[in-house]
Each structure stands twice: as C-alpha cells, then as structure tokens.
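Starting from the known structure of chain A, arrange chain B on it as the hints suggest.
If you want the building blocks of each chain, they are given just below.
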Amino acid sequence: MAANTNTPTALDKEQIIGMAEKEMEYRVELFNKLTQTCFAKCVEKRYKEPELNMGETSCIDRCVSKYWQVTNLVGHLLGSGRPPM
Amino acid sequence: MTENTPPASVNETTEKTAAVIEPIRLPTIEEVRGQDIWNNCAVRSVASGIMGGGLGMAMGLFLGALDNPIQQEQMTGRQLFVYTAKQMGGRSWHSCKAFAVMGLIFSAAECVVEKARAKHDITNSAIAGCVTGGAISAKTGGPKGACLGCAGFAAFSVAIEKFLDRHE
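As they're listed, the protein sequences go chains A and B.
Those letters in the first sequence? Residues 1081 to 1165, per our numbering, in order.
Those letters in the second sequence? Residues 735 to 902, per our numbering, in order.
Just chain A, same shape as in the assembly (with noise of 0.2 Å):
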C-alpha cells in the first residue's frame, strides 16, 4: 500500500524535534523558576549553616507541591478553558 504515509517525513521530523527542544526549554525554564522562588521564600538570607534545617526543609517540600499543583492548574484552564474569562 502507501508505505510512504508510515515512514516520517523530514518535515515531520523536523517538527518532532523543535517540539521537543521547546518542551525541553519548558522544563528547563520550569525547574529554574521552581528553584528560585522556593530557594527566595524557604531559606532566609542570613545564612547561619551550610546545612538546611529542618524547617527549611518542610517549607521546601511544599513550596513544590504546591508550585508543581499552581502549574497544574493553570495548564489545565490554559488547555481547556479557550475563551479567557
């Protein structure tokens, strides 16, 4: 049969990749502002141990959860919500 419409074009290709690059950027970008705000609102500035306590430590764990939920739930009424409210 048509063999050709299995086989990827370089232009499908082409796109695989720059969709991947951009997902990657995402991520990339993702984590970088993950990192910053938690780091910015968990540990104070007066850096009294190199170790993080284990307050910091809790304040951490959710700063993230609650990022990694806020990204979530933006992405979703992003995707699926199209007329901004």
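None of these hints come from the bench; they were simulated from the model.
Please note that the accuracy of each hint is not assured.
Partner residues aside, some chain A positions facing chain B, computed with beta carbon under 10 Å [said to hold, decoys possible]:
(1) Glu1101
(2) Glu1105
(3) Lys1128
(4) Leu1132
(5) Met1134
(6) Glu1136
(7) Thr1137
(8) Ser1138
(9) Ile1140
Glycine is no exception: its CB is placed at the ideal position from the N, C-alpha and C atoms.
For chain B alone, coordinates are given in the frame of chain A:
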C-alpha cells in the same frame, strides 16, 4: 625548555588556594538518607532523651558524691563508702530519668512545632520549652504550677538558644 620554571613560591600558593577551594558537589544518596533519618521527629527525640539521660546521670553522680551523711564520725570507712555509693547511685538514676524525660519532651515538641510552622525560629524553642515545663510541673503543681513551669522553662530555653547563637 630553556625557560626557567616560575619560582617555587608561586606554585605553592596556587596549590594552596586550589586545595582550599572545593568544587561544588551535590549530596550523595547516603547523605540525603542520613539527613532524612535525622529529620525524623521520633529519632531526634529519642537521641535527645538519651543525651539528657547521660547528662542527668553525670550530674546525679557528681551531686550524690557531695552528700555527706549526718553520722560521719561514727561510721567506719567502709560504711561511709557504701553509703556514698548508694547515694550516688540513687541520685544519678533519679536525675537521669528526670533529664531524659525533659530532653525527650523538649526535642519532640520542638521538632513537631518546627515541621508544622516550616520555619526555623527561636519561637520554636519557646513553645517547646513551655510544653516541657508545663508537662513536668503539671503533676505536682496543678494548672497554676503548669503555667509557671511553662513560662519559666520557655524563658530558660530562649536564653540558652540566644547564648548558643552568640557563640557561633
């Protein structure tokens, strides 16, 4: 290689500065696990209780050795020794228990409060001190004794924390 090598002192200083600056390394999995174990409230409070017990035992031994019996001249050396040993043993066990309980309650309260507040403050120590003082004094003093014990122990632990912070 007709050029002279740089003087030995320059090489030594660069080597020393290179030795002092360490590369950034992420914690290994064992370090992460060790920190997780130490962040556990139960492990922390038990370790603190054991340390408090050791401290109480040493203090009780020392204070028990100072206790002189009333009939000191009439007892022989051996009787005196046995009496002092019994005093030391009894005192050290009693204060070992007291300090172990104090350390356990304080550490557990501080750990729980710090995890709940997600902050590393001095108010964690104050709240933990209040809980400890109140728990220890509630048996003998009732509610009023519990309030006094709470205030007293909270002030004591805040003072100790400030003293320790200043020494860093």
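| field | Status of the hint placing A:Glu1105 at chain B (closest C-beta pair under 10 Å) | value | Check failed: Cβ of A:Glu1105 comes no nearer than 23 Å to chain B, outside 10 Å.
| request: Closer than 10 Å between Cβ atoms is the bar; does A:Leu1132 clear it against chain B? Give me holds or violated. | output: With a closest approach of 8 Å, the A:Leu1132 hint holds.
| task | Tell me if A:Met1134 is really an interface residue toward chain B, meaning its C-beta lies closer than 10 Å to one of theirs. | result | For A:Met1134, the interface hint holds, since the closest Cβ of chain B sits about 5 Å away, which is under 10 Å.
| For the hint on A:Glu1101, does the least C-beta distance to chain B fall short of 10 Å? | violated (26 Å)
| said: Less than 10 Å between beta-carbons is the criterion; does A:Thr1137 satisfy it with respect to chain B? | reply: holds (6 Å)
| Should the interface hint for A:Lys1128 be scored as holding, given a Cβ-Cβ cut-off of 10 Å against chain B? | holds (7 Å)
| request: Mind checking the CB of A:Ser1138 against every CB in chain B and telling me if the closest is under 10 Å? | output: holds (4 Å)
| Hint validity - A:Ile1140 Cβ closer than 10 Å to any chain B Cβ | Hint on A:Ile1140: holds, closest Cβ of chain B at ~9 Å, below 10 Å.
| task | Classify the hint on A:Glu1136 as holds or violated, based on whether any CB of chain B lies nearer than 10 Å to its CB. | result | holds (6 Å)
Of the numbered hints listed earlier, those contradicted by the structure are 1 and 2.
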